[in-house]
Amino acid sequence: MPVKPGNRGPRPSGVQRAAAERTRTTLGRRRVVNVVMIGVTMIAAVVATLPLIFILGHLMSAGASSIDLAFFTEIPKPPGETGGGMANAMVGTLVLIGAASAVGLPVGIGAGLYLAENRGTLLANAVRFLSDVLNGLPSIVMGIFAWQFLVKPMGKFTALAGGIALGAMMIPLVTRTTEEMISIVPVSLREAALALGYSRWRTSLVVVLRTALPGIVTGALVAVSRIAGETAPLLFTVLGNQFWSLSLREPIAALPLQIFNFAISPYDAQHALAWAGALVLIGIVLIISLAARFATRSRFGRGGD
Amino acid sequence: MSEVARPLVTTRQDDTGIAARIEGSAIGDTVYRWLTTAFALCVPVLLLLIALGVGTAAWPAFKAFGFGFLTSSDWDPPHNVFGAAPAIYGTIISAIIALVIATPLALGVAIFLSEFAPSWLRQPVAFLVDLLAAIPSVVYGLWGIFVLQPVLRDRVMPLLAGLPVIGKSALFEGPAYGPSMLGAGLILAIMVLPFISAVSREVLMAVPRSQREAALALGATKWEMIADAVVPYARSGIIGGIILGLGRALGETMAVTMLIGNVHQISASLFAPGYTMASLIANEFAEATGDLHLSALMGVGAVLFVLTLIVNAIARWLVWRVSREARS
Chain A
163 MPVKPGNRGP RPSGVQRAAA ERTRTTLGRR RVVNVVMIGV TMIAAVVATL
213 PLIFILGHLM SAGASSIDLA FFTEIPKPPG ETGGGMANAM VGTLVLIGAA
263 SAVGLPVGIG AGLYLAENRG TLLANAVRFL SDVLNGLPSI VMGIFAWQFL
313 VKPMGKFTAL AGGIALGAMM IPLVTRTTEE MISIVPVSLR EAALALGYSR
363 WRTSLVVVLR TALPGIVTGA LVAVSRIAGE TAPLLFTVLG NQFWSLSLRE
413 PIAALPLQIF NFAISPYDAQ HALAWAGALV LIGIVLIISL AARFATRSRF
463 GRGGD
Chain B
40 MSEVARPLVT TRQDDTGIAA RIEGSAIGDT VYRWLTTAFA LCVPVLLLLI
90 ALGVGTAAWP AFKAFGFGFL TSSDWDPPHN VFGAAPAIYG TIISAIIALV
140 IATPLALGVA IFLSEFAPSW LRQPVAFLVD LLAAIPSVVY GLWGIFVLQP
190 VLRDRVMPLL AGLPVIGKSA LFEGPAYGPS MLGAGLILAI MVLPFISAVS
240 REVLMAVPRS QREAALALGA TKWEMIADAV VPYARSGIIG GIILGLGRAL
290 GETMAVTMLI GNVHQISASL FAPGYTMASL IANEFAEATG DLHLSALMGV
340 GAVLFVLTLI VNAIARWLVW RVSREARS
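Residue numbers (my numbering), protein chains in the order written: chain A, 163 to 467; chain B, 40 to 367.
One should not assume that every hint holds.
Stretch by stretch, here's where chain A covers chain B in the computed footprint (C-beta under 8 Å, at least three residues) [what the hints assert, rightly or not]: (1) 74-82; (2) 278-288; (3) 310-322.
Under the rule of at most 30 Å between Cα atoms (straight-line distance), these lysine-lysine pairs were calculated in the DSBU-like manner [to be verified]: (4) B:LYS102 to A:LYS314; (5) A:LYS318 to A:LYS239; (6) B:LYS207 to A:LYS318.
In case anyone wonders, no lab produced these hints; they're calculated from the structure. Nothing here was measured: the structure is a model prediction, and the numbers come from that model. The beta-carbon is built from N, C-alpha and C at its ideal position, and this holds for glycine as well.
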């Protein structure tokens, strides 16, 4: 049977025409759904950033009005009196950060080196998994741990116990970032050092670790910024202190702890100090976070995402 | 390395300087290997010590009350009777509230950032959301007490109670004091949001390009591509992120302590105050005088430890499985 030119197969049946029609109308609806859902995700993004803006905004207005020179130089006044500051708490937080870093950084960096250099071994896989699990444990559990092993046997609350609890919290984070940063150091660099007769340990410490240092510093700063604001473990370890103390063997004041105590107190003057303290604490945390970002950026420059 | 180097050295006794150096490096290598192994071992040892410490501290309470410690809701320090049921209930309910609010938002943000956002917007928005995770818990609590709580009490709670049908349900029963399960759940939602969105964003970005291109080539709209091709591919990673958020919500202490009201009761109403395990420990630790009271608090800590351990292990396993698939 001769085929007429222009006739490309049988004419569409009623069913097919209906299907085409349906496609056309559903396409319209699908496009609407598409646009609506894009809008919904945009709204979600806006809503998710709102709390941050509210919190920071309120912190600025309420905190800034109660910050004065005395806040940075004086210790807290007795309850009910106005004035006073949080100088001892700020210094206490710095002491705790130092003690925590002294515990957390060497262990974390050492474990990270092990993980990066022993990929695929049973211990490495176990340590990697467990450090992730450790990272997710509530900080209050860390406080109980330090209380049981350090505070209870010594018979008193000490800054040392707090430093160790916070340091233990740093370990998993530092371990994982160190591993990550070391594993992106090119293998050729390590091979070159070994070929030049460097021993393994010198290659690892002097060449590889040195190259990965900016990234590791970033990881360390992120870990510090995380523990700087921790309060829960301190309830069980350092207790807090209304007076000056720098000793690791005594209870010490800490900024987050002082904010907590002032926030739940009934006095307006202490509430104002709590806001000021929160502003300073956020300032410390943000400065450390930004420094962490800067440390990575200056190293990996425009190459990153 | 050192095993190869050593025979070389013994055959060239004349060059003692090099010999000494290579000999020394062999010792250095050994020391280095032992040292890093020891540091790596610190992680499992630390976890074991935590389990041991929390376990021994909790033991007297478990011995005294047995399984009833988990199911009883009597908490009476003067009479040395302790049951953690209200705290366990409050922990789970507040975490559920947090996840119900935070999950859709976090997924929305993650999808927006990984699929729709123009590149100039991606970094700043991601940074702002991540910044939520950097705010200390105690600052959330402070803001919660003085800003969020009054708004909830004066505006949101009357509004919810005035809703048709569900406003009359047991969920929104009773007076609006301020300290409430709702407030605690809401602050938790804000706190876990960055964790869920960060993990989700990561796994969404790890979905291969080909997956997206295939869906688009079949005529899918952008949203259909996401709903049918991208999200299902990343599903177990996203679930991992949500469970990770759950772990955070379960163990969060300070902000919840400041907002939940700290009352031993099980109430269906979200307006009623309650307790979570973490807030119970934090709130009563300082005033616990009796040994059994202290041990009961540590027992609550042990329950919390085991719960978060399981939740975190599941979450990590899920996320790990996705990243392994993406790599292979």
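task: Mind listing which of the numbered hints don't hold for this structure, in increasing order?
output: The structure breaks only hint 6.
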